[in-house]
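Q: Chains as they are written, first to last, in the working numbering: chain E, 1 to 195; chain D, 1001 to 1102.
It is worth saying that the hints were derived from the structure and are not from the lab.
Watch out, some of these pointers could steer you wrong.
Below 27 Å or equal to it, Euclidean Cα-Cα: the simulated DSS-like pairs (lysine-lysine) are [as the list claims (entries may be wrong)]:
1. D/LYS1019 / E/LYS174
2. D/LYS1027 / E/LYS3
3. E/LYS58 / D/LYS1027
4. D/LYS1069 / D/LYS1037
5. E/LYS58 / D/LYS1085
6. E/LYS71 / E/LYS85
7. D/LYS1048 / E/LYS71
8. D/LYS1007 / E/LYS58
9. D/LYS1048 / E/LYS11
10. E/LYS20 / E/LYS8
11. D/LYS1048 / D/LYS1030
12. D/LYS1085 / E/LYS20
Just so it is clear, the structure is predicted and the values come from calculations on it, not from any experiment.
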Amino acid sequence: MGKQEFIKELKGRLKGISDKDLNERISFYSEMIDDLMENGKTEEEAVSELGSIDEIVKQVISETPLLSVVKEKIRPKKTMSTAEKILIVLGFPVWFPLLITVLALAFTFYVLLWVGVIVVYSVEISFIGVAFAGVVGFFAYLFGGELNLISIGAGLIGLGLSVPFYYVCAYLTKGTLKVSRSIALKIKTRFMGKK
Amino acid sequence: MDTQLRKGILDVCVLMAIKNEDSYGYKIIKDLSDVIKISESTLYTILKRLEEGEMLIVRSTEYEGRIRKYYHITQVGIQRIEEFKKEWGEIKKVYAFITGDK
């Protein structure tokens, strides 16, 4: 692949980053190719030194925050005509509720993703609570209170269960984090890295 | 290597590469190649991060009919190198603790 071809393809593949960022990247790679060629590489060798376009695109996607991708996508590329502006104002009762709905759905989805984690943590806390109550009950007995075997027994069970259940909590939290990260990456890839 | 740690090390390596005299992309990679391998894309990200942190400034110069960007270290950048040396002293202590060396 020659220099011009490389730059053209990279430009085409890197959607969703600002024009300024794109131009800076392109001029950086272009300078690099020129310098590599000046130091004895052929044009083809210099281009292949930079790694494959796929790799570059992947790296750019993972480095760009999701928010700035969305912003870049929402920002209109050209200035709007008067007719378009009027249409947007008139269409407000239609698109505004739709926008709110979409945002609410996204929020709900995100909360749902974490609901499992919240639930297991609540259970874990209740186990620890029961264990604690058992300990308190036992000490109450030592200091002359009534012997409440049920509370002490429940406390022991709670204590026993809280330990392995802690691992369930940790595992689920890690898993959920991973899923939410991979969803963010998928969204970004959809916006940015299209062939 | 841990990504955060690697990031910090790469930043300081690049700062060192431009500390004594201004340098440009190709030369930075070449000068550092004996110490640490940095890909062109990674270098771009590092330079961008350092520029945003005001640790270097970029100067575009014409060179043989094309533009070449030179990177110049700032006072903040020099400070960063000094900080890193101090931090490293602490890391060495932790390392000695982990490996059990005295």
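Q: Each hint needs a verdict: does it hold in this structure or not?
A: Taking the hints in turn, this is what the structure says about them:
1. D/LYS1019 / E/LYS174: Distance ~41 Å between D/LYS1019 and E/LYS174 Cα, so the pair is violated.
2. D/LYS1027 / E/LYS3: holds (20 Å)
3. E/LYS58 / D/LYS1027: Distance of about 25 Å is within 27 Å: holds.
4. D/LYS1069 / D/LYS1037: Roughly 21 Å separates the two Cα atoms, so the pair holds.
5. E/LYS58 / D/LYS1085: violated (33 Å)
6. E/LYS71 / E/LYS85: It holds: about 19 Å lies between the C-alpha atoms, which stays within 27 Å.
7. D/LYS1048 / E/LYS71: Between D/LYS1048 and E/LYS71 the Cα gap is close to 20 Å, so the pair holds against 27 Å.
8. D/LYS1007 / E/LYS58: Roughly 18 Å between the alpha carbons, so the hint for D/LYS1007 and E/LYS58 holds.
9. D/LYS1048 / E/LYS11: Given pair D/LYS1048, E/LYS11 holds - Cα atoms ~19 Å apart, limit 27 Å.
10. E/LYS20 / E/LYS8: holds (16 Å)
11. D/LYS1048 / D/LYS1030: Within the cut-off at roughly 19 Å; holds.
12. D/LYS1085 / E/LYS20: violated (35 Å)
Of the numbered hints stated above, those contradicted by the structure are hints 1, 5 and 12, listed in ascending order.
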